[in-house]
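**Student:** Here's the letter readout for the chains.
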Amino acid sequence: MNVTITDLHKVYRGGVRALNDVQLTIPNGMFGLLGPNGAGKTTLMRILAGILRPTSGDVRVGEYDGATGQGQQAIKRILGYLPQDLGMYPDLSAREFLDYFGLLKGLDDRRSRHERVESLLAMVALTDVASRKIKTFSGGMKRRVGIAQALLNDPRLLIVDEPTAGLDPEERIRFRNLLADLGGDRTVLLSTHIVEDIAQTCQRLAIMKSGRVVFAGATDELLRATRGHVWLLTTPHTGARPQGDLAIISTLNTGSGAQYRVVGEPGPQSGAIPAEPSLEDAYMWFMRDGQGDALASSMTMSAR
Amino acid sequence: MNQPVTLRPVNQRAAFWGATKYEFWMQARRPALWIGSFVVAALTALIILSTPTLTHDSQRASVMSAFAAIASLVMLFMPIAAGFLMTDRLTRDRKTRVDELLNSAPASSGARLLGKYLGAVVATVTPTLLFYLIGVGYLLALRGRDFAALPLALAPFVAIILPGMLFIAAFSLVCPLVIWGPLYQFLFLGYWFWGNLVYLPPLPTLNGTLLTADGNYAAVGYFGSDSGVIAHATAAQASASIALLLGFGALALLAAWGYQRWRLARQ
Numbered sequence: 001m002n003v004t005i006t007d008l009h010k011v012y013r014g015g016v017r018a019l020n021d022v023q024l025t026i027p028n029g030m031f032g033l034l035g036p037n038g039a040g041k042t043t044l045m046r047i048l049a050g051i052l053r054p055t056s057g058d059v060r061v062g063e064y065d066g067a068t069g070q071g072q073q074a075i076k077r078i079l080g081y082l083p084q085d086l087g088m089y090p091d092l093s094a095r096e097f098l099d100y101f102g103l104l105k106g107l108d109d110r111r112s113r114h115e116r117v118e119s120l121l122a123m124v125a126l127t128d129v130a131s132r133k134i135k136t137f138s139g140g141m142k143r144r145v146g147i148a149q150a151l152l153n154d155p156r157l158l159i160v161d162e163p164t165a166g167l168d169p170e171e172r173i174r175f176r177n178l179l180a181d182l183g184g185d186r187t188v189l190l191s192t193h194i195v196e197d198i199a200q201t202c203q204r205l206a207i208m209k210s211g212r213v214v215f216a217g218a219t220d221e222l223l224r225a226t227r228g229h230v231w232l233l234t235t236p237h238t239g240a241r242p243q244g245d246l247a248i249i250s251t252l253n254t255g256s257g258a259q260y261r262v263v264g265e266p267g268p269q270s271g272a273i274p275a276e277p278s279l280e281d282a283y284m285w286f287m288r289d290g291q292g293d294a295l296a297s298s299m300t301m302s303a304r
Numbered sequence: 001m002n003q004p005v006t007l008r009p010v011n012q013r014a015a016f017w018g019a020t021k022y023e024f025w026m027q028a029r030r031p032a033l034w035i036g037s038f039v040v041a042a043l044t045a046l047i048i049l050s051t052p053t054l055t056h057d058s059q060r061a062s063v064m065s066a067f068a069a070i071a072s073l074v075m076l077f078m079p080i081a082a083g084f085l086m087t088d089r090l091t092r093d094r095k096t097r098v099d100e101l102l103n104s105a106p107a108s109s110g111a112r113l114l115g116k117y118l119g120a121v122v123a124t125v126t127p128t129l130l131f132y133l134i135g136v137g138y139l140l141a142l143r144g145r146d147f148a149a150l151p152l153a154l155a156p157f158v159a160i161i162l163p164g165m166l167f168i169a170a171f172s173l174v175c176p177l178v179i180w181g182p183l184y185q186f187l188f189l190g191y192w193f194w195g196n197l198v199y200l201p202p203l204p205t206l207n208g209t210l211l212t213a214d215g216n217y218a219a220v221g222y223f224g225s226d227s228g229v230i231a232h233a234t235a236a237q238a239s240a241s242i243a244l245l246l247g248f249g250a251l252a253l254l255a256a257w258g259y260q261r262w263r264l265a266r267q
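As given, the protein sequences belong to chains A and B, one line each in that order.
The first sequence begins at 1 in this note's numbering and counts up by one.
The second sequence begins at 1 in this note's numbering and counts up by one.
To be clear, the hints were calculated from the coordinates, so they are not data collected in a lab.
Some hints could be false.
Here are the simulated lysine-lysine pairs, DSSO-like style, with alpha carbons at most 27 Å apart [claimed, not checked]:
id, chain 1, residue 1, chain 2, residue 2
1, A, LYS133, B, LYS95
2, B, LYS95, B, LYS21
3, B, LYS95, A, LYS142
4, A, LYS135, B, LYS95
5, A, LYS142, B, LYS21
6, A, LYS209, B, LYS21
7, B, LYS21, A, LYS135
The structure displayed is predicted, hence computed values, not measured ones.
Use the sequences and the hints to build the structure in full.
**Tutor:** Here it is in structure tokens:
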């Protein structure tokens, strides 16, 4: 199922422009949405989920037009949504919460709803604590309840906004693996500012900056465009940090000095070793001032 | 290519009953519901038991009239507890941030609101019902343990207690959408005393009018109880009072539904 976004604008009261002429097509499978805080990712997610109205523009999810009331209702029936600020009723147990939302999502047959709830609890490894109140759950456990509720109606469009924020490394990996299994014949839109989450799960992504999509395409394209711009530089302890038209990605204390991973043009500095770019390198390279526009114009953008 | 999919419409009735069920349990499980209701009930019982004429009169009157008197006494202060306890039921969706999930679900906001109201009010009124039944049991014990009359106690509960409770529950649910909850509780307390308990002519008051929520019109009009402020009332007046209370309660819910939709569209 394709999601097509055309000429989308969102201006909040007070004149805050959150989305500025967004054009994007999201195909089937896992699709990443990257960008810094304030880029407009959550606003875009909330519009797709039908809980925020755009100022102007079109959203189509498959054959359904998100601009009409009927279309929005249809989209909600095939939608699974895990918001960034995940709220739950603390006094319900996980099982009760999922049963409640199952009813709100149209699972009115009691037996099949109970079976669905139990299978989802097993999938997110919460069966043993399903009768405990949600207020006793850790952050990671609450997130797992959140993904379970998003999957209740077997959605064809799954929107997941910052799912791993605040989770410990083990929970984050567990969550990523869970999401990766969900691709297949549904569209999963994963929004995050954690590049590693996208790198591990998505073949295609879009990058947003200041309310605009500045890149949309395959992760391979992004990496290819970054090749030749990622370097390893080693300096002695008494040496200064690398200078020049560079962005420092990471610093490693080697004992005798420091090794910097940088993107940019190191200039005629000796010892700069080219490195194979990661998605994080590509993101930093792409987000540098002016670089995004240059790269965007030379790469394949999603069709208007 | 996108394959057309035939989607079944969401069963809004099932969503409504689901909301009713879980809102009932969330309210019923609150310790504050039982502690607050117990404190108010204890205060009311203290007042009743320290007023000998009240218990003496209830033994002399007909059994229905006596039940009605018990119901009127229950309605002295229990609605205050009920009003306070309903204040956060709707606004907590925003505070707990569960409203994002609720608004992304295909169940209509109307079904959810109605279910929330019904579930929460049934739970909130349960301690009042128990208190009333204890009062009825005590009265029957005083009258020679005529417990066969117990089922008759349902009618005064439905006519005197329920309409007022439904009325204040609706306003207590929706008003905090537009004013700060604690401020609403303060104003509600003032309204309850001014509009239902206090009668100081020539000061204007709702007390003694068809809009009085304490059920006294029904107590006098249907059961011939002596309410003090309302000397005489017909069954038609009692019915009109109930209709007004339920009607205004329904209007409050309708206004809340419209306000929520407007707010969502305005974001």
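**Student:** All hints are to be evaluated individually against the structure, with a verdict given for each.
**Tutor:** We went through each hint and held it up to the structure:
1. Taken as a hint, the LYS133 (chain A) and LYS95 (chain B) pair is honoured in the structure, with Cα atoms around 18 Å apart against an allowance of 27 Å.
2. Distance check on the hinted pair: LYS95 (chain B) and LYS21 (chain B) sit about 21 Å apart at the alpha-carbon level, within 27 Å; holds.
3. With a CA separation close to 17 Å, the supplied pair LYS95 (chain B) and LYS142 (chain A) stays within the 27 Å bound.
4. A C-alpha spacing of about 14 Å is found between LYS135 (chain A) and LYS95 (chain B), which places the hinted pair at or below 27 Å, so the restraint holds.
5. Only pairs whose Cα atoms come within 27 Å are accepted, and LYS142 (chain A) paired with LYS21 (chain B) is accepted, the gap being roughly 22 Å.
6. Distance restraint check for LYS209 (chain A) and LYS21 (chain B): the Cα-Cα separation of roughly 44 Å exceeds the 27 Å cut-off, and the hinted pair is therefore not satisfied.
7. Between the alpha carbons of LYS21 (chain B) and LYS135 (chain A) the distance comes to roughly 20 Å, so the proposed pair stays at or under 27 Å and holds.
Violated hint: 6 only; the structure is consistent with all others.
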